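Given chain A's structure and the hints, the job is docking chain B onto it.
There are 2 protein chains.
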Amino acid sequence: MKKNFVILYSLTLLSISAYSQSGEVLKIRDYRTAHEKDMINEFISFLSIPDVAADTVNLRKNATFIMGMMRMRGIQQVQLLSPATIGAPPSVYGEVAEPGAKGTLIFYAHYDGQPVNSSQWATGLDPFQPRLVNGVIGQKGTIIPFLSPGNSYDPEWRIYGRSASDDKAGVTAILDAYDAIMKSGLKPTYNLKFFFEGEEEAGSPHLNEILEKYRGLLQSDLWIICDGPVHQSGKKQIVFGVRGDTHLDLTVYASKRPLHSGHYGNWAPNPAMMLVKLLATMKDDNGWVTIKGFYDDVIPLTAAEKKALQEVPPVDEQMKKELGIRMNEMPGKTLGESINLPSLNINGIQSANVGKLASNVIPTTATAVLDLRLVPGNDWIRQQQKVIDHIRSQGYYVSDHEPTDEEREKYDKIIKIIPGKDGYNAQRTSMELPVAKNVIEALKNSTPEQVVLMPTFGGSLPLFLFEKYLDAKTITVPIANHDNNQHAENENIRLQNLWNGIETMAALMMMKQ
Amino acid sequence: MKKNFVILYSLTLLSISAYSQSGEVLKIRDYRTAHEKDMINEFISFLSIPDVAADTVNLRKNATFIMGMMRMRGIQQVQLLSPATIGAPPSVYGEVAEPGAKGTLIFYAHYDGQPVNSSQWATGLDPFQPRLVNGVIGQKGTIIPFLSPGNSYDPEWRIYGRSASDDKAGVTAILDAYDAIMKSGLKPTYNLKFFFEGEEEAGSPHLNEILEKYRGLLQSDLWIICDGPVHQSGKKQIVFGVRGDTHLDLTVYASKRPLHSGHYGNWAPNPAMMLVKLLATMKDDNGWVTIKGFYDDVIPLTAAEKKALQEVPPVDEQMKKELGIRMNEMPGKTLGESINLPSLNINGIQSANVGKLASNVIPTTATAVLDLRLVPGNDWIRQQQKVIDHIRSQGYYVSDHEPTDEEREKYDKIIKIIPGKDGYNAQRTSMELPVAKNVIEALKNSTPEQVVLMPTFGGSLPLFLFEKYLDAKTITVPIANHDNNQHAENENIRLQNLWNGIETMAALMMMKQ
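Here the protein sequences come in this chain order: A and B. Heads up, the first sequence is in our numbering, so the first residue is 30 and it goes up one at a time. Heads up, the second sequence is in our numbering, so the first residue is 30 and it goes up one at a time.
Incorrect hints may appear among the rest.
Note: identical chains are not told apart, hence a pair may lie in one copy or across any two.
[What the hints assert, rightly or not] Straight-line alpha carbon distances no greater than 20 angstroms define the calculated EDC-like cross-link-like pairs of lysine to aspartate or glutamate that follow:
id, residue 1, residue 2
1, Lys169, Glu124
2, Lys541, Glu518
3, Lys362, Asp441
4, Lys442, Glu346
If you're looking for bench data, these hints aren't it; they were derived computationally from the structure. No experiment lies behind these values; they were computed from the predicted model shown.
Chain A extracted, bound-state conformation (with noise of 0.2 angstroms):
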């Protein structure tokens, strides 16, 4: 009740604001609430189909699915796009052609989605049976039955399952758009094209392949990524790039065979404390990073990134409350500055065993995994340089294979270092380009409230590769609830985000040129 009331608070400051929301948005809107029983039941539909990379049939079947959704709402062109690696997952394909549009707007999502483990999910959920619940799972929402005719969904309710978010809200509200724009009336300004990847969860491991084989096909002016959650303040918002990631494993050894920490203990060196000292080297109190020249290759952001920056509503202590912690890593720094820098991560560390299969040991090895993320001007392997060549300068010998006795007579500290093979770049688009600034204009005119514009999103797509092997501009617009549970256990989307994003991406359909 309180929400509604919050949403006609919002419509009400909506008529005296300066905001001026545009007719053909509300047409969009006007055609959604007539018909949203029926986008639901296809919704429904797509989201019983199984999606997980290992699945090929069932992804097989997605594809179908959403060739059939283009066909019905009269795309052309409608075809999979295969990549050369025989039976990888194909990408969906259709154009709208549009007479008197001088550019093209591509638009992607992908239909594949996170492996699920059921057991994980609450109690009358299941990733491939979606349920309607009436608020939040495990926060007083309840399952409800799907509606039958004469009933209204209230837009807090949200369906659980498997992609509803991640990422097949994002194909649905692509194509629910173009739909109401047709049936209302309206028409796009832009020559369309709609591109529905089926392996981003596994990686991207093809969609090389497939820009290279049908660049001619997937030429555009810009590439529109719906993907991802709204800004956790619940504001629509437009992302310019993405932090690039690359990984490090690392393995510290000591003694040939495990030994008795009272005999040998503190004699024998052991490898999980020269580890911790060797990673406690790499931050400072406050969180920065100390390794020489971290911070070198960053390009700065510029004033009007800066300017945006400053203006992304302040979400760090709701976040804060939310997570159960008081400080964040770098004390003075919010999180959109934060997510601006490189990072370096610890995702994982291991050394013998904890808990009740401890044991009084001086382990033989100790191992952690990090995590670097980049942002642009950083190189993912100069990255992984940086950290290798800091780790040489605490005294270490670096090498690639487990040491053998030759090296362990020679050094006194020796470390396997795996470097991750699949790094990748930061990307960013600049928002000053003239179809970022139209891109902008567009989302501010389908909402009342303020659109965040964020430089670069804390996660990693690759992004790089539309710029690699099309020449092309990328500019994500998300529509997922933050808090929508994507790669977990109780993946949803709310059902007011969905309505948001049919307006969002019917807006950019008819942006200005």
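Just chain B now, kept in the frame of chain A:
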């Protein structure tokens, strides 16, 4: 061949050195040489009875077997000493009253063994089917049949099986020593008592009950603990004390739920990084513990102990070669010196996952298990407290439970510390007691080589119990080869060590009053 040569050479040296081996010990050797096949046959039968902690039926069979060994040797008062706790394994007791003896020695060994995982043992070996190997398994040694009459055992051969060294060799050496004395027409100089424990490897949880219940029966002038390995140099050693031991389980808490290391990396606190920074403050680069007052309580070694330590044959270089390490944790300190200091070791550390299970996550918790070894002067609860105080001084809120929401709102850095409840203090017997001097002299007379006098064993045994419940003195006289794989797969006893052990125990039974 080479080894035999060394032995012959030692015997040659013997005749021209200042050393005068006692005639008694040579008689014991003659008896053993003539009867070693019988001794081995009995030992094989003994080793064939499984003796792991959970197997109470077989533990009882071991106790019965030992009672048989004792009765055959004419030992009196043979009986089981059961603790107050019903069902806990009994100790086996027997005694010999020696007319005219002024003092009483009580010989301790244990008949239970460490848990076994047969699959980890070398091909052809089985924990409870003892095997003869003509050397070291994995180093050219191969399994050979036990001998038929008329052939002789090479002293470099080894018997493989659980408890071959730890500690059925101890039981066997003690009882064979007594047998050899009696059968050689010699006689003990002390009243003798025998005490064989049945749950040492389980941490002696009921030893206190037995000592308390049989306090009258167990009076003596000295407990001789026959357990553990001789010095790494191969020389006989007398150990006058053991380190104490206690533990702390540490868990650092950060976000309540795992976070994407892209979206929140270098904003959200990383508990693994927090823990490594905390642990790194506990030791300096020279291996010294930097916790306030960590070394304050240590009772300095006496002049005699310092001298003994200086005379310990250097084994550091040999051990480093064997273990494949080049440096020890405290540069400049020998192994002997290091284990006469209290220690702090990481037994295990874990946060999230490494290797194939690693994911792009900021973990929610990070855990480490610390092992604290203590020397005389340390109190285990006080030593735990020093570490806890240190952690507090690093800005941590210390609790004994998972943090509540209220605690999360109140404190920046939260750690759960579970102090081990099973700690115990170090124990050390003065080398200068008259009975200690007699032990030293007896061992010196039993070997042409140096006898290593070790003020403290690196490992821990609950020897304080003997002091606490019986007001007794203890001296440890180990006999196993140092590379016996105690507590692990492929446990073994080198025959020469068993033969030396019999001579050592016999020498003690006949030592000066």
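For Lys169 and Glu124, with the copy left unspecified, which applies at a CA distance of at most 20 angstroms: within, between, both, or neither? Cα proximity of Lys169 and Glu124: none, with 43 angstroms in one copy and 73 angstroms across.
With 20 angstroms as the alpha-carbon cut-off, assign the pair Lys541 and Glu518 to within, between, both or neither. For Lys541 and Glu518, neither the intra-copy (40 angstroms) nor the inter-copy (75 angstroms) Cα distance is at most 20 angstroms.
Tell me, please, which holds for Lys442 and Glu346 at an alpha-carbon limit of 20 angstroms: within, between, both or neither? Close across copies (17 angstroms), not inside one copy (43 angstroms); limit 20 angstroms.
Between the shortest in-copy and the shortest cross-copy C-alpha distance, which are at most 20 angstroms for Lys362 and Asp441: within, between, both, or neither? Intra 39 angstroms, inter 16 angstroms, cutoff 20 angstroms: inter-copy only.
Checked against the numbered hints above, the structure violates hints 1 and 2; every other hint is satisfied.
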